[in-house]
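Model the placement of chain B on the given structure of chain A, informed by the hints.
Residue numbers (this note's numbering), protein chains in the order written: chain A, 1 to 407; chain B, 1 to 407.
Treat the hints loosely; a few may be bogus.
As the list claims (entries may be wrong) - Distance ranges between label pairs, derived from CB positions:
1. B/Gln327 x A/Thr10: 42 to 48 Å
2. A/Glu226 x B/Ser380: 44 to 50 Å
3. A/Pro383 x B/Thr20: 15 to 21 Å
4. A/Pro383 x B/Gln190: 41 to 47 Å
5. B/Thr20 x A/Ala319: 43 to 49 Å
6. B/Gln190 x A/Asp352: 40 to 46 Å
7. B/Ser380 x A/Ala47: 41 to 47 Å
8. B/Lys88 x A/Pro383: 35 to 41 Å
9. A/Ala319 x B/Arg154: 34 to 40 Å
10. A/Gly107 x B/Lys375: 32 to 38 Å
No lab work stands behind these hints, which were simulated from the structure alone. Everything numeric in this text was worked out from a predicted model, so none of it was measured. A virtual CB, placed ideally from N, CA and C, is assigned to each residue, including glycine.
2 protein chains.
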Amino acid sequence: MRAEIISIGTELLLGEITDTNAPFLAAELPALGIDLYWISQVGDNQARLVKVLKRAWQRSDLILTTGGLGPTEDDITREAIAELLGEKLKPVPALERELREFFARLGREMPLTNLKQATIIPSAEAIPNPSGTAPGWWVEKDSHILIAMPGPPREMQPMWQNRVLPRLRPQIGGVIISRVIKLFGLPEAQVAEMVAPRLSSANPTLGVYAKADGIYLRLTAKAGDEKEAGEMITPFEAELREALGDYIWGVDSDTLPAVVGCLLAERKLTLAVMESYTGGLLSATISESPEAAPYFKGGLVAGSDEARVAYGVDYRLIAGSGRESAQMALAMAEVAQSRLGAAIGIGVTGEDELGEAERRLFGTFYIGVAYGKNKHVATSSYPGSRARVRRWVVAAALFELRKVLAS
Amino acid sequence: MRAEIISIGTELLLGEITDTNAPFLAAELPALGIDLYWISQVGDNQARLVKVLKRAWQRSDLILTTGGLGPTEDDITREAIAELLGEKLKPVPALERELREFFARLGREMPLTNLKQATIIPSAEAIPNPSGTAPGWWVEKDSHILIAMPGPPREMQPMWQNRVLPRLRPQIGGVIISRVIKLFGLPEAQVAEMVAPRLSSANPTLGVYAKADGIYLRLTAKAGDEKEAGEMITPFEAELREALGDYIWGVDSDTLPAVVGCLLAERKLTLAVMESYTGGLLSATISESPEAAPYFKGGLVAGSDEARVAYGVDYRLIAGSGRESAQMALAMAEVAQSRLGAAIGIGVTGEDELGEAERRLFGTFYIGVAYGKNKHVATSSYPGSRARVRRWVVAAALFELRKVLAS
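Excised from the complex, chain A in its bound form (with noise of 0.2 Å):
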């Protein structure tokens, strides 16, 4: 099966939104064993849409649409779909109904504008959208399938989880199954040499990515059916596991605070933060979660040096040459977890220093953990800007964290 991908939107080609809902949905497709050969961005005009469409539904089996379905009149993409396919929009009662439930939930009176929201053309069936105002497009004539979808992520996301997947996923001979594994701690091409041999395996798999917080390996399975396809992939994972145990913190859709918050919670600890190189940002990924309110105590951000020695921290450590060090950071760890009675410290300390390779950033940084009597300290380099580099510090301080919990 050929997917293409259209998005629509003028603010699309003024640069003004990134398209994430293309990337989002290409990640979706190999899975399903579905090749992507095209996306393309187009505006909120008429004419060119229908020739975007024209092309796609020639070459392409399935079509994939995200935006252009709000009420406004820039918001055409109703209004293409029935030009390409030369039918008529026609209101449909029953979405007029749902739309008035839905501003009557809000306390609020229906703009007449969003009543070409509730028609439809007769090859397609609407696709309910509990988180938004704009019904989704499911087309199937001549043996092509369209799907139209909202624009706005939170919209378009659950839309295609709960709605389009368990529908499309029947119209495609066999079963693929993935399974993500999550490593931190060893560069990409590290890891690539380590699974080499795998690399070329033509079923299960192997995709070896880069992420924000760390590598992740992807295997997938094609097979006749679940069963088969999970017998495929089982002895493969094992073989991965042996391979690279120690650097794994994680499968599918796991994150790395959320497998943190897990064990905490699962062993009823706390933890407290003591941050500087980092700024807040490892209290604030902690935090992201609602979950985070039993275990997370709380954080200490230290901007500055007097900011450390008012949270406790030895002012002698501090003049000392020791003052971007591990023992800088377990002292942090210490006091953190002392100041907020937590089971468990967390320090972060570290600087950025000016690579070899010119212009290039390169912190150095320090994590300690206290936890008990039980001292862990951890040091590392990571080149890139500041946003990068901190983004990274935190996954290596969650890294160092589980890595304590797990032991």
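Then chain B, alone, in the frame of chain A:
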């Protein structure tokens, strides 16, 4: 002049990376008076790329490509352009010399595969790339311009700024300048209503956009020269400032943390934070820039009520009905101010509630600013996901701080 952008790379079609080059270039074109009608992403497949290039050559005057200029077999942009124009690739000794010098500076020998980066067609001219091995191509033929740039943004962006823009600008008649005015604290619909009579203005034009840190108004004027365009924008901008002055916090590339940072640095004031609702995100945002070091003393992140008390907030406030209140926000601001010895303290607190529309979070938050004896509080509600509300509250806190500093 009609433009088209083509981003090349199979990783774009696998959803492994998000195309940020197209939005970067798209955002540059309106100011040049160039209309962009088409953006597409295509994989590393010569036949498909040539098809896309042929269509672009028919319908566009200016074609910008990124990607596919590397040294590997997958990099087929040069070959595809040669096929499009029916020309032959020939080695260029000067380019080869530059490449060898590039590798010599790195102390490495040049792999033979890189030789293809030193080939070119007669209609093309090489664009130097000081950040990498792939020179760009500037092609002019039959009143079309095709510019091929490398894919990595840190190579593409300087090439665009330093080599392509200066050469492209004189080829376009007239001048276009724009100005962005940034507001916070008013809903988009209300801003749009306030400026409604101006929204239909043809020159200068006015656009209204909702962003994570408020509402942006973009004024764009087209004229014979820069002075004239400036004279068209000035009275328009003055009018908007008259109507919206209190809500305006910046222009053009200003960011809220940078605007606040400048005000603090100018007055040699220092800042400390206590935050519960935002869990460290306010501190992380303030400390994002390395320039924050002199004025940002630090932040106290309270993940729990015990932490607030440990930091010095009166426990009676927590026990009382004012647990989440303006009074609490102010108390937090005062504790941060005194504990970290800062001229100014900010406190941020609040909680999530389920809003009227089901499953929609509604964050009610309180911001306190203590500046010497001057006390300032603000409160508001904002709907959306937890991540979205937290970002919004960070912007609100910085906006309130700016208000206090500017008054």
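Structure-based check of all given hints:
1. B/Gln327 x A/Thr10: 42 to 48 Å: holds, 47 Å
2. A/Glu226 x B/Ser380: 44 to 50 Å: holds, 49 Å
3. A/Pro383 x B/Thr20: 15 to 21 Å: This hint holds: roughly 20 Å between Cβ atoms.
4. A/Pro383 x B/Gln190: 41 to 47 Å: holds, 46 Å
5. B/Thr20 x A/Ala319: 43 to 49 Å: holds, 44 Å
6. B/Gln190 x A/Asp352: 40 to 46 Å: Hint holds: Cβ distance 42 Å, inside 40 to 46 Å.
7. B/Ser380 x A/Ala47: 41 to 47 Å: The hinted range 41 to 47 Å holds for B/Ser380 and A/Ala47, with Cβ atoms some 43 Å apart.
8. B/Lys88 x A/Pro383: 35 to 41 Å: This hint holds: roughly 40 Å between Cβ atoms.
9. A/Ala319 x B/Arg154: 34 to 40 Å: With a Cβ separation near 39 Å, A/Ala319 and B/Arg154 satisfy 34 to 40 Å, so the hint holds.
10. A/Gly107 x B/Lys375: 32 to 38 Å: holds, 35 Å
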